[in-house]
Structures are given as C-alpha cells and as structure tokens.
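Trainee: Produce the complete structure using the sequences and hints provided.
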Amino acid sequence: MNTTLKCVAPVLLCFLLSAPLAAREAQVDSLIARGQAAFEDNKKDQAIKALTAAIKQNPDNIQTYLAVAPIYINAGYLDHAMKAFKEALKLNDASPEAQTGIADIYYKKASGGIMAVYHARKAVSAARRATRLDPTYAPAYILLGRAYIRLNENHTAASRAFAQALTHQPDNPEIAYLLGTSYIELRRNAEGRQRDNQMILSESILKNLEYHLENARFLPIAAQILFDKGEPEKALNVFEQFIATLPETERIYYDDIARVGTKEELKIYEETPEAERPAFLEQFWAKRDFDLLTEVNERLIEHYRRVWYARNHFAEAKTPWDARGDIYIRYGDPDYRARSGRANPEI
Numbered sequence: 001m002n003t004t005l006k007c008v009a010p011v012l013l014c015f016l017l018s019a020p021l022a023a024r025e026a027q028v029d030s031l032i033a034r035g036q037a038a039f040e041d042n043k044k045d046q047a048i049k050a051l052t053a054a055i056k057q058n059p060d061n062i063q064t065y066l067a068v069a070p071i072y073i074n075a076g077y078l079d080h081a082m083k084a085f086k087e088a089l090k091l092n093d094a095s096p097e098a099q100t101g102i103a104d105i106y107y108k109k110a111s112g113g114i115m116a117v118y119h120a121r122k123a124v125s126a127a128r129r130a131t132r133l134d135p136t137y138a139p140a141y142i143l144l145g146r147a148y149i150r151l152n153e154n155h156t157a158a159s160r161a162f163a164q165a166l167t168h169q170p171d172n173p174e175i176a177y178l179l180g181t182s183y184i185e186l187r188r189n190a191e192g193r194q195r196d197n198q199m200i201l202s203e204s205i206l207k208n209l210e211y212h213l214e215n216a217r218f219l220p221i222a223a224q225i226l227f228d229k230g231e232p233e234k235a236l237n238v239f240e241q242f243i244a245t246l247p248e249t250e251r252i253y254y255d256d257i258a259r260v261g262t263k264e265e266l267k268i269y270e271e272t273p274e275a276e277r278p279a280f281l282e283q284f285w286a287k288r289d290f291d292l293l294t295e296v297n298e299r300l301i302e303h304y305r306r307v308w309y310a311r312n313h314f315a316e317a318k319t320p321w322d323a324r325g326d327i328y329i330r331y332g333d334p335d336y337r338a339r340s341g342r343a344n345p346e347i
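Residue numbers (our numbering): 1 to 347.
The hints are simulated quantities; they were obtained by calculation from the structure and are not laboratory data. Fair warning: this is a prediction, and the values are worked out from it, not measured in the lab. Check the hints yourself; a few may be wrong.
[Unchecked claim] Restricting the straight-line Cα-Cα distance to at most 16 Å, the calculated cross-link-like pairs of lysine to aspartate or glutamate (EDC-like) are: (1) 234 - 302; (2) 108 - 87; (3) 267 - 250; (4) 318 - 264; (5) 44 - 79; (6) 56 - 87; (7) 83 - 93; (8) 287 - 274; (9) 90 - 60; (10) 229 - 203; (11) 287 - 302; (12) 234 - 298; (13) 86 - 60.
Mentor: Below you can see the structure in the form of structure tokens.
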C-alpha cells in the first residue's frame, strides 16, 4: 500500500462509519419533532409512537431521552417522562439534567390531591440529589427552591436555593424574580426579616440582583429591597418608575384611594377638579406618613407595595383582586404593627 493510500484509508473509514451515524441522528431528530408536532395537534397515539421509535433508533444515547422527556411533560404524560429520565440515569447516573427532570415530575405531581405532600417531599429529595451531582447546575437549585415552597411554603430554604442558583446564572431574570418573591414573603415574617433577609441583602447577592434593576417585572421587588436597606427615596423612585411602565388600565389601581380613604375624603376627592387632584393626593398621603421628619412618604411606598402584592396574590379569581385584596390594601399584614414598630393605620 503506497503512502497516499495509507493516509487516505483512515479518513475514508471514518467517513463511512460516520455517515450512517449522522443519518440515524437525523432520523431521531425527525421522529422527535414529529412526536412533538403530533402532541400539539392532539394526536396522542401518533406522538407516543414517534417518540418511542426515536428512542429505539438510539437507545444508548442519553440525549435522546433528555429530548423526549420534556415533550412528554409538556403533554401531561408524566409517567412516560419519568421512565425516560430514569433510562437516562441508567446511561449516566451522574446526569444532573435527568435527576432534575425527575424532581420536576414529582414537583408537578405535588400540585394537588391526597399524594401532594408525598410528591413534594420526593421533589425536594430528587432536587437536592441533583445539586449534589453538579453543584453548579442552576436548574437544580431552581427546582429545589420551588419544591420547598410547594412542600410547606418554606421560603427560608427556597431563598437559599434561589440565591445559589443566581450565583451560577446571575443574568437569569427568572431566578432573580424567584429570589425576590421569596424575599418578599420572608420580609412579611419577623423571624425571616431578622435572619434570612440579611442573607439576601448581602453584598454578593445584591450585586447579582443589580443585573435586573432595569427589568420592569423586578422593579417592585427592587423597591422593597431598597426600602429595607434604608433607602426610602430610591425605593419610592423605583416604585414610581415601575408604575410608569404600566398601561393606564393597570396604573389606576395604584392611584386609587378608595380602599384607603374615609367616605368624606373620597367625596371631596370626587368633587375636586382634575387639575387640583394631585395636590389633594399629596395632602392625603402626607396625613398618613409614618415619619413626618423624612422627606419621603413611607406610607405611600407601603401603599404601592400592598397594591402590587394584592395584584400578584389575590387576583386569581377576580380583577383587580378579591375581598382579601381589599382588606390587605387597607390594613396590610396582620402583624405589620408588631413587625415594623409603626402604626398600622386603618385609613
């Protein structure tokens, strides 16, 4: 065999071997796409048939299982997805993606029913295992935090998980929002405010959260963090910046004083000419200010916070919120007086 042939032979052999492999991978991709499309068209039998065929074409490739499982999850076929993730773990028992997928299935099964608590515990356990498999895999920490909340509204543990996730993906807006919402729940609890909120307010976490200060969705959370840091002027500015991003139909809820004012005040407000209403509102909130010695009206900040909270927690069944929202906007948290050391005015 001449020298040229010796050099060409290995290349030719690699080409001959890779061609069938590439064709098989293309066929697998086609079957997966066909299965997803069939589910979207509500052709469930065809979808399962296509996805099953994809796995049979490439049973030793973990990526096939990892691609098929989420499609099953989105279609509501959680048991099929669980089987796919478990098969993936057989191929690689150190796969954080597969382990997190299993945790996600338990998390979804924990949404209701008599087995909800059991599945929530399984979700926490599976997610914790995923974080041990790869301590830098942010999706595992996200799932762990969600699972803690679903299990027993443990925002202390959840906030730690979300904070860990944020260190690995500091530019991820969803993680920042999850951490922020857990912070909001913790700040409503005296114990959490004293201990766990200090962790979220640490310089390293705040530095990561700074990535998201321009995100309109995150602005109300940023305002509350700034207020707790002792920067009420910045907090009010950020809240006003957030309100300015809202459509008029949403903005009116923040300007509405119907759930705060007395009947007499509301009557006067209705009779006040449009041009004079800003001055009336300034006086209205000044009378309710927590600290008259400060330039910033902290009661107005608190009002914005309550309205935002009501819109996000009490609006599932009714717009803008149900009766709980009315009570919350007027009175705030039940323990607000004890926690803040300030008056909790009824009006």
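Trainee: Run every hint past the structure and note whether it holds.
Mentor: Status of the hints after comparison with the structure:
1. 234 - 302: holds (14 Å)
2. 108 - 87: violated (20 Å)
3. 267 - 250: violated (23 Å)
4. 318 - 264: The hint is violated at about 27 Å.
5. 44 - 79: With Cα atoms ~14 Å apart, residue 44 and residue 79 stay inside 16 Å; holds.
6. 56 - 87: At roughly 12 Å apart (the allowed maximum being 16 Å), residue 87 and residue 56 satisfy the hint.
7. 83 - 93: holds (14 Å)
8. 287 - 274: violated (21 Å)
9. 90 - 60: Within the cut-off at roughly 10 Å; holds.
10. 229 - 203: holds (11 Å)
11. 287 - 302: holds (14 Å)
12. 234 - 298: holds (11 Å)
13. 86 - 60: Given pair residue 86, residue 60 holds - Cα atoms ~13 Å apart, limit 16 Å.
Hints 2, 3, 4 and 8, counting from the list given before, are not met by this structure.
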